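The residues making up each chain are set out below.
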Amino acid sequence: MMENEETPQRPAASDAATEAEAVRRSRRAFIGWGLAGLAGLGGWGWLVSRPQEGGIPGPLRRVLEFNENVSGAYFKETRLAPEFARSRATTPRVNGKYGLEDELDPAAWRLRVQSIDGQAREFTLADVQALPKIEMVTELKCIEGWSVIVHWAGARMADFLSHYQLPAAVPYLLLQTPNEKYYVGLDLKSALHPQTLLCYEMNGRRLTPAHGAPLRLVTPLKYGIKHLKRLGSIAFTTERPKDFWAERGYDWDSGH
Amino acid sequence: MIWSGLWIYWANDVYRLGWGDTTVLKFFPKSFYEAFDIPFKLAKGMAWHFVLMWVFFVNGLLYVLYTAFSGEWRYLLPTRHSWREAVQVTLHDLGLRKAAPSARKYNGAQQIAYSAVIVMGLGSLLTGLAIYKPTQLAWLTTLLGGYESARIIHFVLTLGYVLFFVVHVAQVVRAGWNNFRSMVAGFEVVDTAEPASKAK
Chain P
1 MMENEETPQR
11 PAASDAATEA
21 EAVRRSRRAF
31 IGWGLAGLAG
41 LGGWGWLVSR
51 PQEGGIPGPL
61 RRVLEFNENV
71 SGAYFKETRL
81 APEFARSRAT
91 TPRVNGKYGL
101 EDELDPAAWR
111 LRVQSIDGQA
121 REFTLADVQA
131 LPKIEMVTEL
141 KCIEGWSVIV
151 HWAGARMADF
161 LSHYQLPAAV
171 PYLLLQTPNE
181 KYYVGLDLKS
191 ALHPQTLLCY
201 EMNGRRLTPA
211 HGAPLRLVTP
221 LKYGIKHLKR
231 LGSIAFTTER
241 PKDFWAERGY
251 DWDSGH
Chain B
257 MIWSGLWIYW
267 ANDVYRLGWG
277 DTTVLKFFPK
287 SFYEAFDIPF
297 KLAKGMAWHF
307 VLMWVFFVNG
317 LLYVLYTAFS
327 GEWRYLLPTR
337 HSWREAVQVT
347 LHDLGLRKAA
357 PSARKYNGAQ
367 QIAYSAVIVM
377 GLGSLLTGLA
387 IYKPTQLAWL
397 TTLLGGYESA
407 RIIHFVLTLG
417 YVLFFVVHVA
427 QVVRAGWNNF
437 RSMVAGFEVV
447 DTAEPASKAK
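Chains as they are written, first to last, in my numbering: chain P, 1 to 256; chain B, 257 to 456.
Chain P on its own, in the form it takes in the complex:
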């Protein structure tokens, strides 16, 4: 006799009856779970067959947007990315040249800022460097999964916008390289974060062309894909702007 404390044992009326009952209940359970499994497979099949939006099925895009709303509701600009000792800073690998295809004449370079009514103003590097210089040692995180600590210096985007009285009453910014082949969409909250810099120095030296000279975006609120190099223009938009990597299957927000 086998002791079993947990399971109430029903008296066996007859072996045959017990066996019939067991078969019946087993069949019901296996069919039930089998159908549940099939429903799961069917749901997956339906999901991947939906029209693609920016390289992934539409429903996945919806969930990414939902996640963005959740993290957006939690977002506070007073939360800062950790900073590290300068001695730990190293040079990140050059991981992409989109938008940097042409030669750049640094003397002719201007940063063009376009307001919502289409009016544009141009700024020189000296205009940006005239603003308070912010230095920070933060971790640059590539969407591929690697990270590296870098010592950045530049002007706060928030300082730049307020000092030159640029209208920031819209929810989005579109940043582009001068040739407009690489472009990044940014939400205003992230743009105004105190660690979002218009950066002109990396590890104590002027930016090299490969790292985005003369001016690039740096923000520990986003993956490296949003750290646009060789910034050519900033446009304010009411609609969510296009984004190079979001068109290729990645999350538009890519926020940290």
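Hints are computed from structural coordinates only; laboratory data are not their basis.
A quick note: this is a predicted structure, and the numbers were derived from the prediction, not measured.
Ideal placement from N, C-alpha and C gives every residue a C-beta, glycine not left out.
Warning: the hint list may mix true and false statements.
Pairs of lysine-lysine, PhoX-like flavour, derived with a Cα cap of 20 Å [claimed, not checked]:
1) P:K97 to P:K189
2) P:K189 to P:K76
3) P:K76 to B:K389
4) B:K389 to P:K189
5) P:K242 to B:K300
Incomplete in silico selection of chain P near chain B, CB under 10 Å [said to hold, decoys possible]:
6) R28
7) F66
8) K133
9) V137
Add chain B to chain P, keeping to what the hints say.
Chain B in isolation, oriented as in the chain P frame:
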């Protein structure tokens, strides 16, 4: 979840078992990637991962709530006897000990394993959040030893699930049909010596 995780991990597959220049096991060998068609799916992997994380979270939450409110936790939580019994169970299962452990719903080894996997689930959730939002949740990322450290823990926990799964399936196969049926259908057929005896 693990599948999409592999698509993500592939893009920066730096982990290995080894020391110095010696590598015992690289995560993962080329043949592994090719066999499972892993390469160049980072974007898709991230999209799926950030959808399935909700399934993982809700499923885990429902399981814990059900276990807590149904009273099933009494069978699942290890007691101070579980550790000793777990050693005996392991020795028995490896064929090193003759005496079979007492038959209960969950033995000590199971209690420890099933409780540990819940703690691991919580660990995956927290390390996942730490690498998902390392600035807004910087306190959590720092608590877990930083971004790189949280990513390693997240990876190692996943290896843990795979190990759990392998042992789990092997044990189910060993335990036989009646046990498997009890897992699926929720009942077990118990032999009694005399018909209709000892109804509790």
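Note to self: Which constraints among the numbered hints does this structure fail? Numbers only, ascending.
What the structure shows: 1, 8, 9
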